[in-house]
Each structure stands twice: as C-alpha cells, then as structure tokens.
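Going line by line, the protein sequences match chains A and B. Under the working numbering, the letters of the first sequence match residues 1 to 358, in that order. Under the working numbering, the letters of the second sequence match residues 359 to 716, in that order.
By construction, these hints were calculated from the structure, which means they are not laboratory data. Glycine is no exception: its CB is placed at the ideal position from the N, C-alpha and C atoms.
Distance ranges between label pairs, derived from CB positions: (1) A:P33 x B:P433: 48 to 58 Å; (2) A:S90 x B:P473: 33 to 43 Å; (3) B:Q554 x A:N234: 15 to 25 Å; (4) B:D475 x A:S90: 33 to 43 Å.
With a straight-line Cα cutoff of 20 Å, these simulated DMTMM-like cross-link-like pairs (lysine to aspartate or glutamate) come out: (5) A:K48 x B:E450; (6) A:K131 x B:D584; (7) A:K52 x B:E450; (8) A:K64 x B:D447; (9) A:K48 x B:D447; (10) B:K406 x A:D89; (11) B:K489 x A:E232; (12) B:K572 x A:D30; (13) B:K422 x A:E92; (14) A:K64 x B:E450; (15) B:K410 x A:E92; (16) B:K406 x A:E92; (17) A:K131 x B:E590; (18) A:K295 x A:D240; (19) A:K214 x B:D388; (20) A:K284 x A:E322.
There are 2 protein chains.
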Amino acid sequence: MRKTLYIVSAFSFICFNVTAQRPPAISSPDVNPDKSITFRYYSRTAQKIIVKGEFLKSPLAMSKDTSGIWSITVPPVKPDIYPYSFMVDSIELADPNNTYVFANERFKRSIVDIPGDQPLIHSLQNVPHGKISYRLYQSATLGTTRQLLVYTPPGYNPNSKIKYPVLYLIHGGSDTEETWTKVGRANFIADNLIAQKKAMPMIIVMPYGNVRPKTMPDFTKEVINDIIPFIESNYPVLADSKSRAVAGFSVGGGQTLNIGLTNTDKFAYICSYAPFTATEEFQKNFTNWIPDADKINKQLKLFTISVGTEDFLYESVKKNLELFKEKKVNVKSYIVPGGHTWMNCKLFLATTLQELFK
Amino acid sequence: MRKTLYIVSAFSFICFNVTAQRPPAISSPDVNPDKSITFRYYSRTAQKIIVKGEFLKSPLAMSKDTSGIWSITVPPVKPDIYPYSFMVDSIELADPNNTYVFANERFKRSIVDIPGDQPLIHSLQNVPHGKISYRLYQSATLGTTRQLLVYTPPGYNPNSKIKYPVLYLIHGGSDTEETWTKVGRANFIADNLIAQKKAMPMIIVMPYGNVRPKTMPDFTKEVINDIIPFIESNYPVLADSKSRAVAGFSVGGGQTLNIGLTNTDKFAYICSYAPFTATEEFQKNFTNWIPDADKINKQLKLFTISVGTEDFLYESVKKNLELFKEKKVNVKSYIVPGGHTWMNCKLFLATTLQELFK
Numbered sequence: 001m002r003k004t005l006y007i008v009s010a011f012s013f014i015c016f017n018v019t020a021q022r023p024p025a026i027s028s029p030d031v032n033p034d035k036s037i038t039f040r041y042y043s044r045t046a047q048k049i050i051v052k053g054e055f056l057k058s059p060l061a062m063s064k065d066t067s068g069i070w071s072i073t074v075p076p077v078k079p080d081i082y083p084y085s086f087m088v089d090s091i092e093l094a095d096p097n098n099t100y101v102f103a104n105e106r107f108k109r110s111i112v113d114i115p116g117d118q119p120l121i122h123s124l125q126n127v128p129h130g131k132i133s134y135r136l137y138q139s140a141t142l143g144t145t146r147q148l149l150v151y152t153p154p155g156y157n158p159n160s161k162i163k164y165p166v167l168y169l170i171h172g173g174s175d176t177e178e179t180w181t182k183v184g185r186a187n188f189i190a191d192n193l194i195a196q197k198k199a200m201p202m203i204i205v206m207p208y209g210n211v212r213p214k215t216m217p218d219f220t221k222e223v224i225n226d227i228i229p230f231i232e233s234n235y236p237v238l239a240d241s242k243s244r245a246v247a248g249f250s251v252g253g254g255q256t257l258n259i260g261l262t263n264t265d266k267f268a269y270i271c272s273y274a275p276f277t278a279t280e281e282f283q284k285n286f287t288n289w290i291p292d293a294d295k296i297n298k299q300l301k302l303f304t305i306s307v308g309t310e311d312f313l314y315e316s317v318k319k320n321l322e323l324f325k326e327k328k329v330n331v332k333s334y335i336v337p338g339g340h341t342w343m344n345c346k347l348f349l350a351t352t353l354q355e356l357f358k
Numbered sequence: 359m360r361k362t363l364y365i366v367s368a369f370s371f372i373c374f375n376v377t378a379q380r381p382p383a384i385s386s387p388d389v390n391p392d393k394s395i396t397f398r399y400y401s402r403t404a405q406k407i408i409v410k411g412e413f414l415k416s417p418l419a420m421s422k423d424t425s426g427i428w429s430i431t432v433p434p435v436k437p438d439i440y441p442y443s444f445m446v447d448s449i450e451l452a453d454p455n456n457t458y459v460f461a462n463e464r465f466k467r468s469i470v471d472i473p474g475d476q477p478l479i480h481s482l483q484n485v486p487h488g489k490i491s492y493r494l495y496q497s498a499t500l501g502t503t504r505q506l507l508v509y510t511p512p513g514y515n516p517n518s519k520i521k522y523p524v525l526y527l528i529h530g531g532s533d534t535e536e537t538w539t540k541v542g543r544a545n546f547i548a549d550n551l552i553a554q555k556k557a558m559p560m561i562i563v564m565p566y567g568n569v570r571p572k573t574m575p576d577f578t579k580e581v582i583n584d585i586i587p588f589i590e591s592n593y594p595v596l597a598d599s600k601s602r603a604v605a606g607f608s609v610g611g612g613q614t615l616n617i618g619l620t621n622t623d624k625f626a627y628i629c630s631y632a633p634f635t636a637t638e639e640f641q642k643n644f645t646n647w648i649p650d651a652d653k654i655n656k657q658l659k660l661f662t663i664s665v666g667t668e669d670f671l672y673e674s675v676k677k678n679l680e681l682f683k684e685k686k687v688n689v690k691s692y693i694v695p696g697g698h699t700w701m702n703c704k705l706f707l708a709t710t711l712q713e714l715f716k
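Isolated chain A, as found in the complex:
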C-alpha cells in the first residue's frame, strides 16, 4: 500500500533543481484505512479543481493549501477498482502522481484500488500466479502485425501433455489489448478462481479488437482466420468448440455476439457483457436472422448476456435479449445493479469463468 507521507526521492529533487519545471512529488491517491480516499494535485495557478470518479455520484471540488497543493478526502468507498480523473479548470487529466493509467485510446484516466477487508476476487492474493505474455502475430486479414495478450494458468508448461481450453476475451470500444489485465485484472481473477477450484485452468487470449480504419466485420474475420490459428499453432490447446469461449464488453460485447453466433460450430460458450449493438455488422447479422434455433441450442453450452440496470445500454440490451428469445435461441441473462463500468466487467468475468468448460 502507498504511504501517506510525501515520498520524494533524491533524484526528484535533482531534476527539479535542474529543470525548475517539475512540480513537487506528492502522494495521490492515498487510500486510507477507513476506505476514504485522499486525492492531491499541485497547482499554483488553477482556479478550480474537481475530482471525477466512478465512485462518486457527482464530481467534488478540491481545496488548496498555502503551498499550492490541492486536496480532497472523499468519504469511504465500496472496495473495488475505479477510474477517476481531475478537471483542472476545464482540462480533464489523469492524476500525474498515480502510475496506474486506464489503458484506453480516447481518454487518459487513472485507476484507484480500494482493497476489501477480505481480499476481493480481483485482488493479488497469495496463490500460484499465471503469467501474461505479449505476443506479436501476423494478421493476414488486416495486412499488419498486431499484438495480443495471452494469460497462461499457474503451472502451465507448453510441452506437457495437458491441453487447455481457451477463452477469447475482448475489450471495450476505445480500450486496448491491455485493458482486461490493467483495469479488469483478468489474470488475478483467473488465478484466484483457479486456486479456489471454482474455474478450470484455461488460457485467456486478449486480442486488440479495434480495426480502424477497416470495418468491424474484419475483426470477426481476424479472430477466425488469424487469431485462433495463431493460438492453436503456438499453445497446447483443445481445438474443439466445447473448449472455446468468446466474451467481451461493450463494443467487444457486440463483437462477441457477432463472432460467436455466426460461428456456433466453433464456440460453445458466448458471454456478452453490456453489448453495444448499434452497428452495421449486428444489423446485417440479426435483423432478418432465421436461425436454426434447435441446432444452435444444441451447439451452445452457455449463451449469456450481462448488463447493469443503470447501464446506458440497458434498454438496448433488453431488446437484444428479447430478439434472441423471440428466435427461440436459449439465452441466460445476468442483470445486476450498476452502470457501463469496469467494476461490473470484473464481476461479469468472475461469474463467467466459473461456468466455462465444465
């Protein structure tokens, strides 16, 4: 845990003296024992600074001391990992003193981890740890080299005779291939559930789902034609549909539906989290869809759609559920409180992992 004291290294002082540009090193955020959080920011010139966070109903103003350090202590917060940012006058920015940045292409926010009295399912616990590998692969579909992350479970050995099932796990619309580990802690969730014997040891593949300036259907092609073959030729995995799952959040939840439901011979598990489905690909696939529901229901071992009741996509997701029910495709809904957040994402993943490959 971070110290509440201001920690200033000798090196910081040197740099400050040399460049005369760096602000003083301050500690922010500090998570206090009562789970209140103290945020700090240094500015001698700002007129107003507020903190915005997904643990707050509305932004809160910081106040300034005579040394130019602005701060606020927000009341105790429910243990979880939350994104937040500062609005310095009209400029939104990540907390400059917090190393943990939300991996995203559109915004720069920080994340703060409020530990539970008992370790949470996404917490670093004293259990065997899997590892995350950053891999480069050639995408013939997109004509470029792309990066994906691969979680291999504790005890994984590429040469053993054990073969693993694989979950393909897709991030949200402006996220990156790192968001599921850096914000979603998919690796710790898997480590903990595997240690508790609540989840099967599995490989989790976290691709980069954005294909701009190409169009979304290219990602479906990429998963089928490039990513799955790359994984299956480089890892000891089970290569049948009962050993493949696809899951994703938001835009990735929509991609999950497109990828999974047009390839039910390849994926027996489809888990869509708060899907964004206002896309041409979804319309094309499902507007005049005449599925062979009996066949699909036999192929799928699990088809679930999760959403929070305060999610801005809640009404849209309810319509998705109605559509699939109307087509007689068995779908399980998992409706919880909360919004379109990575707090819910972690909960959805922790729930899914316990249902896969059993």
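Fit chain B to the known structure of chain A by using the hints.
This is chain B only, laid out in the frame that chain A set:
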C-alpha cells in the same frame, strides 16, 4: 501508420451524445511523409497551448481554428521515438488522443515514433519475434509480491536443452518495469539484432527498480537474493558470471554500478548508461574503495559507461570514469551526442547487445 483524417467511430458519437462530455475524436500525432509531425488538441477555453518535445529545442505554440481544434505542424524530425507533452495554459498533460503513454511514475507524457526511410534498429521489422512475459515473484528482501518483465528470444522453448545467457536491464529513477519495452523497445532491438546475427539469443529481465520507501541498497539485495534465483529456477539459463550481464539507465545506471561492481563474481558484463551516482549507496561503495583491480579486470569481460555530451549528468559521469580509471579498473567509455534521453538509451542498448556473451 495513423490516418491523417479524423477517425470517429460510431461508438464515440454515441458516447458523446449520451454524456455530452467527451471532446471530439481527433487524430494526434500525425507523422507526415516528410517526417514533420502534426499535433492537435481540442479546447474551446484554453488561452495558450504549447507542445514540448525532446525533438524540439524550445516549446512551440499551437494555434486554434474556429472549431476549437488547436494544432501545430513541427518541421521534419530525425527518425526516432520521442517523448512529448502539451502545456495547456499552465497544465502539462499527455496527448489525450495518443494511446502511447511514457511508462513513468512521476509524469504523464506521450511518445511519438518517427519511422526511418530504412527501418531503425528499434522498429518493428519482419523478423521472428521474441515475447515479453509479465511475471509476479515473491521478494523476500522487500516482503512483497513484485512484477518483472522477461523477454525470451524467438524460438525460445523452456524445455529445450538450449540454455540462455541473461541480461538484467534496469529502468530510470521514476520509470517502471515497462519503460524498457514501451519506450525503449528493448524487445524489438533484441529481435532485430538477433535476426541480423549481431546479438546472441538471450533472455532479458526487466525488473522494477524502485524500492521506496526502502533504500536503494535493498534493490541490490533484491537482485541478488530474489530476482536472479527466481529467473534461474524458472528459465533455462546459464548460471555463471560469463552468462550474466547487468545494465541500466540513470538511477538504474547507478544501480548497475552498485550491483555489478560489488558482485563481479556474478556479472562479467556491466553496462551503465548515464548513471546517476549521487546516492548514499554509491558513496558507501566507492568513496574509500580499494579494489583488487587485477582480479576485477580478469572477472569482467566488459565494463562500459555510456553518456551523451549534453546530458545533465555528463560532468558527473566523467568523474565516475576518472574514479574507475584511477583505481585501475578497466572501463570503456561510450560518449555520444545528445542528452539524458531514451533516444540515447536505445542507442546504448543496441550497442551493448552486440557486445554481450561473445
């Protein structure tokens, strides 16, 4: 390469409509064919915006169009990877439209990659790629779980009979265990030099070097007592001094001298880049140092100190070199133009890798 056009996904529009808070998606930075760079930032309220970058002698002001988009095109820049930031009025921040953030604990800057006409040594090239693994290990020295990154070379197989030499590569003072890959591209440099047969296939271990609130000597202990044993029990490596190297930049360059020169039985290669040595540990180790220079010179196959002539540590590094020469310890200096930068870091590493384990 990024498109010069403004790319706005359907999802961005949706979010913008829903929250009315997100600025428009704009493209920044755009590296133009002539290697000029266009930076953009959206603000309707800012009075002045400047771009600061290590490719600029002094900051340059942006200008605003009628839609609130500020921009500037800076003249052609020498191909390399550079950190930069925006000063919006008095607030320094990373480019919100650039995903690539400088991995650092103190500041939030962006990085921009100017490709060469021919691929540079740190560029992604069409060669076999190694992989980077994020590993957790228990540090008995620090009483906590820590993370380090491990580069394994192309074709690496943990079960083959091939055993690899290991470079322990340490970041700068406020950097993180990710800075050597995310900013220094250590993995691409190694991939390319191995493909050209200019470097031996090796494992590169990138630990997290900061030990606050503990003191620097604890990191020396951690490397010897925790990190090396973790690597040597989990990877097929050669465990003799001729197969171990230590290198590092800035504060990590100072750590390299402390770790390496107090353990010449363990490291035959010591490569220090622009070392910061105004530390108690360095003083304690070297102020009244009476080395057995003959023995050390026999143990070490390479001891090199690199620095740029415009580095703010240049005079200090010259004193370090004098000290070691005075003590009759053979040290090779590698003096180049440039400052205390990650551009030079990449150059130093690319030079070092060609001299290791031969």
